[in-house]
Amino acid sequence: MNGLFRYIAVLAGDPQADRTVPPTGFTARLTVFTAGAMAFLAVFALALSLATGRIADRWESELARTATLRISAPMDQLDAQQAAALTVLETTPGIASARALTAEEQKALLEPWFGPDLPVESLPIPRLIEIVETEEGYDPAGLRARLQAEVPGAVLDDHTRWRDPLIAAAHRLRLLAVVAVVLIGMATAAMITLAAQAALAANAQVIRVMRLVGAQDMYIAGAFVRRFTLRGLMGAVSGTLAGMVAVLLLPSTEVAGGFLTGLSFQGLGWLVPLAIPPLAAIVAFFATRAAALRTLRDLS
Amino acid sequence: MIELDRVAYSYGGGELFSDVTLTLAPGSFQFLTGPSGSGKTTLMKLCYGELRSTSGHVRLFGQNAREMGRDDIALCRRKIGVVHQDCQFLDHLTVAENIALPLTVAGRGAEAADYLADLMAWVGLTHQANQLPPELSGGERQRAALARAVIVSPDVIIADEPTGNIDWEMSQRLLRLLVELNRMGRTVLIATHDLNLIRAAKAQVQSRVLRLTGRRLQVAGVDL
Ligand SMILES: Nc1ncnc2c1ncn2[C@@H]1O[C@H](COP(=O)(O)OP(=O)(O)O)[C@@H](O)[C@H]1O
Ligand SMILES: [Mg+2]
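If you read the sequences in order, they're chains D and A.
If you're matching positions, the first sequence starts at 5 in this note's numbering and goes up one per residue.
If you're matching positions, the second sequence starts at 609 in this note's numbering and goes up one per residue.
Not one of these hints is a red herring.
With the Cβ distance kept under 7 Å, some of the chain D side facing chain A (calculated, not the full set): (1) Pro26; (2) Met214; (3) Leu216; (4) Val217; (5) Ala219; (6) Ser304.
Think of the hints as simulated: they come from the structure by calculation, not from any bench.
Even for Gly, the Cβ is constructed at its ideal location relative to N, Cα and C.
Produce the entire structure from the sequences given, and follow the hints as far as they go.
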């Protein structure tokens with residue numbers, strides 16, 4: 005606690021002290037800009053990470069408990085096979101409900117491809133039955149065997165075939181987003197270190213004079229640390245706000261389709277990017293402190 | 609307070625001086641003379657820890673200078689007021705801020721308000737308070753440097769050619785300020801090769817003259 009206080013005490017300087025180091029206009033603007041750009045990128049990386057996590061969770065919980073039965077048969081046998089299939093499903097343990105899609109629902113599914121006027125009833129399109137499992141689940145192999153005997157045109161699609169690689173991909177994507185956030189933080193630290201080092205080197209004569217009149221390393225470092233922490237914070241605040249506005253303006257579910265629509269923050273998720281500015285300030289603080297103390301050691 | 613014991617200083621190829629023994633006793637008033645390039649500035653830098661001796665011992669307020677870290681040296685410098693040969697101001701700060709700098713970096717900036725005005729009047733710079741150092745004349749710079757050297761009430765005042773580039777009138781004024789400080793109990797060491805200045809001082813204060821020549825430090829005779 006005491007050590008922590010000593011770290012933070014550096015930040016509590018008087019404005020008079022900060023004037024001893026001359027303003028460094030260009031480095032200052034570069035630092036603010038880079039911190040802002042990094043924060044902007046971090047917002048997207050966070051959004052991606054949260055969204056992929058959400059998608060993986062949803063796929064795991066929802067798709068896991070649904071399956072589809074597809075019945076392809078000559079037109080005159082479709083109704084009979086559908087009825088047979090429903091009977092089989094109703095008597096299968098582990099199936100909560102089974103429901104044939106209505107003609108309207110099938111029409112809606114096909115509409116994006118064939119337009120609104122498709123005469124579904126008169127076409128030999130497969131019938132679809134939506135299956136919802138219970139918590140315990142059913143035995144797909146057993147069900148397939150029974151269906152093969154009683155409903156020759158039925159194909160059970162239990163979604164696991166395409167679900168597993170998708171979930172794996174979502175998890176991988178989330179990991180990459182987290183790695184991106186970490187890399188952004190490290191790049192910010194590196195950039196601020198370079199900027200602070202440049203500022204210290206440019207002020208070697210000022211530092212010399214301050215030492216001649218009795219300034220200790222911590223005092224000199226403090227003047228730089230305060231400046232760069234403030235700049236990092238300012239840049240990160242603007243970058244984060246800009247990033248959040250950009251995420252807010254992403255097209256919503258109704259407009260676009262599929263995976264991309266889930267990218268926005270949801271509910272309390274909007275609070276997560278607000279952690280970026282303080283984190284950026286912390287990164288700036290420690291990066292400048294280390295750079296300053298190292299440079300001051302070398303300048304002696 | 610500051611003691612040099614058989615100290616030598618060499619750089620690169622050559623030895624600047626060796627076997628130098630010097631004590632800045634409390635309340636003493638001493639001059640350091642010698643030809644240009646004999647090492648007067650270097651010797652003074654050893655006295656405030658800006659340089660380290662090649663051999664021999666330097667003791668600053670009882671501590672071995674060789675064993676002191678940067679921060680220890682910094683604390684020491686708050687007890688030593690130095691008038692540098694080239695003044696060493698921060699050109700982006702006003703004259704008043706420069707003079708208050710030793711207080712500021714010691715975290716005592718608030719105290720400056722109490723006696724900064726008096727101090728500036730004492731060195732005759734009241735009207736220059738808000739100017740920038742490059743706008744000052746040679747004499748004004750030297751007086752500002754002296755004011756900065758004494759603002760922390762140092763025990764020791766080290767002045768490196770404080771009258772180097774100012775007229776006789778002004779150097780007399782500066783000398784009077786240093787003598788005044790000595791009467792208040794401060795230890796004073798002045799580097800100069802202005803013999804007239806030394807003679808003028810001898811009339812006002814009991815002083816000793818050291819001569820750095822031929823790589824040795826000697827006490828100069830009364831004849832001068
Ligand atoms: N580190 C160094 N490197 C090169 N030359 C040096 C170094 N230190 C001192 N000198 C030389 O030593 C001489 C003494 O310098 P200085 O102490 O300023 O003498 P003074 O103040 O008596 O004129 C000068 O010629 C200076 O160039
Ligand atoms: Mg000199």
